[in-house]
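There are 2 protein chains.
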Amino acid sequence: MTRPSLVVIGVEGLPEIVAGARLGELLAATAPLEAGDVVVVTQKIVSKAEDRVVAVDPSDPGAKRRLAESEATRVLRRRGDLVITETRHGFVCANSGVDVSNVEAGSAVLLPVDPDRSARGIRDAVRALRGVEVGVVISDTFGRAWRRGLVDVAIGCAGIAAVVDLRGTLDGSGRMLAATEMCVADEIAAAAELVMGKSAHVPVAIVRGVDRAWLRESSVAAEIIRPYGEDLFR
Amino acid sequence: MTRPSLVVIGVEGLPEIVAGARLGELLAATAPLEAGDVVVVTQKIVSKAEDRVVAVDPSDPGAKRRLAESEATRVLRRRGDLVITETRHGFVCANSGVDVSNVEAGSAVLLPVDPDRSARGIRDAVRALRGVEVGVVISDTFGRAWRRGLVDVAIGCAGIAAVVDLRGTLDGSGRMLAATEMCVADEIAAAAELVMGKSAHVPVAIVRGVDRAWLRESSVAAEIIRPYGEDLFR
Chain A
50 MTRPSLVVIG VEGLPEIVAG ARLGELLAAT APLEAGDVVV VTQKIVSKAE DRVVAVDPSD
110 PGAKRRLAES EATRVLRRRG DLVITETRHG FVCANSGVDV SNVEAGSAVL LPVDPDRSAR
170 GIRDAVRALR GVEVGVVISD TFGRAWRRGL VDVAIGCAGI AAVVDLRGTL DGSGRMLAAT
230 EMCVADEIAA AAELVMGKSA HVPVAIVRGV DRAWLRESSV AAEIIRPYGE DLFR
Chain B
50 MTRPSLVVIG VEGLPEIVAG ARLGELLAAT APLEAGDVVV VTQKIVSKAE DRVVAVDPSD
110 PGAKRRLAES EATRVLRRRG DLVITETRHG FVCANSGVDV SNVEAGSAVL LPVDPDRSAR
170 GIRDAVRALR GVEVGVVISD TFGRAWRRGL VDVAIGCAGI AAVVDLRGTL DGSGRMLAAT
230 EMCVADEIAA AAELVMGKSA HVPVAIVRGV DRAWLRESSV AAEIIRPYGE DLFR
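Going down the list, the sequences are from chains A and B.
Using this note's numbering, the first residue of the first sequence is number 50, and each one after it goes up by one.
Using this note's numbering, the first residue of the second sequence is number 50, and each one after it goes up by one.
The following block holds chain A by itself, in its conformation from the complex (with noise of 0.2 Å):
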């Protein structure tokens, strides 16, 4: 009655990260990874590590609005001092992910510079370290259109599929299934997150029993990044 399931594990007690942090070494020395796990990391302690962190002036209430601004390739909305902008990276999220939660007064925390990257010096520090191959996902919590409340979702991927494409699969009824391309990788940073909270010192979790067809080489800019002219909503 039952099928082979999936385990999301929370990994907690890693040390504060501080820039210079060899995030992938910590987690091939520490963490319970086992083959064909899916590493999810929060974009938080990513950024730390990479020491993209800045100073604002805690004082002037426009100075993170301007930080986001100064991050954003495109402003596509303003409602107060909430500006939902396009990065860089192409990705659409209010305040460009400057974050200034979780950090000290008077500072706030950038995106990773290539989340892609990033997610791979963790997958080939644990294969260099560990011998075992597993996927990355680097999390960060986004705003939607539409729907109210958080998600989790994936910035950089590295050994995971970001989507995977059932196109041309048959269906139980034996018909061709039109468009269903799934972003496993967000569905992997939202699994992730029910185990993490905001506040509970678990920044990384482990996603265990994800189809093994879905561990290949891929990227979050070149899958699930939507390009500019094939947007319905920009």
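Simulated from the structure, these hints should not be mistaken for laboratory data.
Certain hints may be false.
Note that identical chains are pooled: a pair holds if it fits in a single copy or bridges any two copies.
Said to hold, decoys possible - Taking lysine to aspartate or glutamate pairs in the DMTMM-like style, the calculated list, with each CA pair at most 25 Å apart, reads: (1) 93 with 230; (2) 93 with 280; (3) 93 with 260; (4) 93 with 279; (5) 93 with 214.
Go by the hints and put chain B onto chain A.
Coordinates of chain B only, in the frame set by chain A:
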């Protein structure tokens, strides 16, 4: 190093669901449910049980688009035969959620009239027949603005929070967190999809291990649907 985890269990072996099927009784009788589980049920079998199947002429290429428009309160975008619509429920999705895959040729499946009510019905049946309190999420596969690939989201829920408001809680630095309202119902639907696949006859999954504080009355209509006037992208 690790903390209590989440398990996602696919439920297979259900009989073919036809109009009039009593899904809650079926799941109460056959699925290995425990108190605190969240049962994720795909829209397709809910709609079939509720007889939301209509005839479409397979030789008429515009039939599906006209059906989608008849189910919509607003058309947001058009591209070829694809329409992005707002449904009576307030969902923004492709073709008003009308689906012709996994159904017999010449028929299409519409969304449930009230998916929150569908979820309550399943929850109530499980409570009555098994004596356990579970959460229920009705899931469907939606596209998104700005990002390629589809993800499963919640279109109805009962006994599980749709959105968890973490505003006002302290972050790891002891500072108040700004708006961090996580849409856990959507994240639960996404996690479930990872074991469901699209043609594997797994229309139900159990998500075990969610935060017990999330097990409360809720609804997608009240908590996730963003009112028109609040939405920046309609």
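Quick rundown of the hints versus the structure:
no. : hint        : result
1   : 93 with 230 : between (28 Å within a copy, 18 Å between copies)
2   : 93 with 280 : neither (28 Å within a copy, 27 Å between copies)
3   : 93 with 260 : between (27 Å within a copy, 23 Å between copies)
4   : 93 with 279 : neither (30 Å within a copy, 28 Å between copies)
5   : 93 with 214 : between (30 Å within a copy, 20 Å between copies)
Consistency note: the structure conflicts with the earlier hints numbered 2 and 4.
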